[in-house]
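Mapping of the sequence shown onto this note's numbering: position 45 corresponds to residue 45, and the numbering continues sequentially without gaps.
Any given hint could be a false lead.
Beta-carbon label-pair distances, calculated as ranges [unchecked claim]: (1) 4 to 70: 40 to 50 angstroms; (2) 4 to 62: 31 to 41 angstroms; (3) 107 to 64: 27 to 37 angstroms; (4) 103 to 2: 11 to 21 angstroms; (5) 100 to 48: 17 to 27 angstroms; (6) 66 to 92: 10 to 20 angstroms; (7) 103 to 4: 17 to 27 angstroms; (8) 62 to 29: 33 to 43 angstroms; (9) 21 to 116: 30 to 40 angstroms; (10) 29 to 64: 32 to 42 angstroms.
Quick caveat, the hints were computed from the structure, so don't treat them as lab data.
Backbone N, C-alpha and C define an ideal beta-carbon position, used for all residues, glycine too.
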Amino acid sequence: MRFILRMLVSAAALFGVAYLTGDALLRVDSFWPAAVVAAFVLAIVNALVKPVVQFLALPVTVLTLGLFSLVISALMLYLVAALVPGVSTTGFLQTVAASLIISFVSAIGGRLVDPEPDRG
Numbered sequence: 001m002r003f004i005l006r007m008l009v010s011a012a013a014l015f016g017v018a019y020l021t022g023d024a025l026l027r028v029d030s031f032w033p034a035a036v037v038a039a040f041v042l043a044i045v046n047a048l049v050k051p052v053v054q055f056l057a058l059p060v061t062v063l064t065l066g067l068f069s070l071v072i073s074a075l076m077l078y079l080v081a082a083l084v085p086g087v088s089t090t091g092f093l094q095t096v097a098a099s100l101i102i103s104f105v106s107a108i109g110g111r112l113v114d115p116e117p118d119r120g
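Given only the sequences and the hints, what does the whole structure look like? Please build it.
This is the structure:
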């Protein structure tokens with residue numbers, strides 16, 4: 001149940017960024033199914049692809065004092081936009097800004113949905 005709620009929060013963040021910025025940062029055709037599918041694909045990409053990319057880019061991330069992680073997040077959003085029809089990006093800096101906003105909103109929304117995650 002938590003996973004579904006977190007997906008809906010991420011979908012709302014994706015759609016909110018697109019809607020509130022007038023498609024300047026990110027374009028999403030509709031909340032259902034484009035934003036929900038994009039949130040699901042983003043979760044899978046962040047779980048499977050992002051750790052590998054972060055490991056491979058570790059030297060660059062250390063040299064840039066962690067700022068390269070913003071580029072990695074933007075690349076993951078680019079990948080989602082390439083995989084999900086109905087979602088598109090508008091440019092590199094806009095994608096970096098969109099990924100920052102989506103991460104921030106998803107983190108806050110995730111805390112509201114699940115204030116005490118299992119530490120197993």
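Now the hints, each set against the structure:
Distance hint check for residue 4 and residue 70: the Cβ-Cβ separation is about 28 angstroms, which falls outside the suggested range of 40 to 50 angstroms. Look at residue 4 against residue 62: about 37 angstroms separates their beta carbons, and that is inside 31 to 41 angstroms. A hinted range of 27 to 37 angstroms is violated for the C-beta pair residue 107 and residue 64, which are about 22 angstroms apart. In this structure the supplied range 11 to 21 angstroms holds for residue 103 paired with residue 2, their Cβ-Cβ distance being about 18 angstroms.
Between residue 100 and residue 48 the CB atoms are about 22 angstroms apart, so this pair conforms to the stated range of 17 to 27 angstroms. About 18 angstroms separates the C-beta atoms of residue 66 and residue 92, a value consistent with the hinted range of 10 to 20 angstroms. Taking the beta carbon of each, residue 103 and residue 4 are about 20 angstroms apart, inside 17 to 27 angstroms as hinted. A hinted range of 33 to 43 angstroms for the beta carbons of residue 62 and residue 29 is consistent with their spacing of about 39 angstroms.
Taken as a hint, the range 30 to 40 angstroms holds for the pair residue 21 and residue 116, whose Cβ atoms sit roughly 33 angstroms apart. Our hint of 32 to 42 angstroms for residue 29 and residue 64 holds, since their Cβ atoms are close to 34 angstroms apart.
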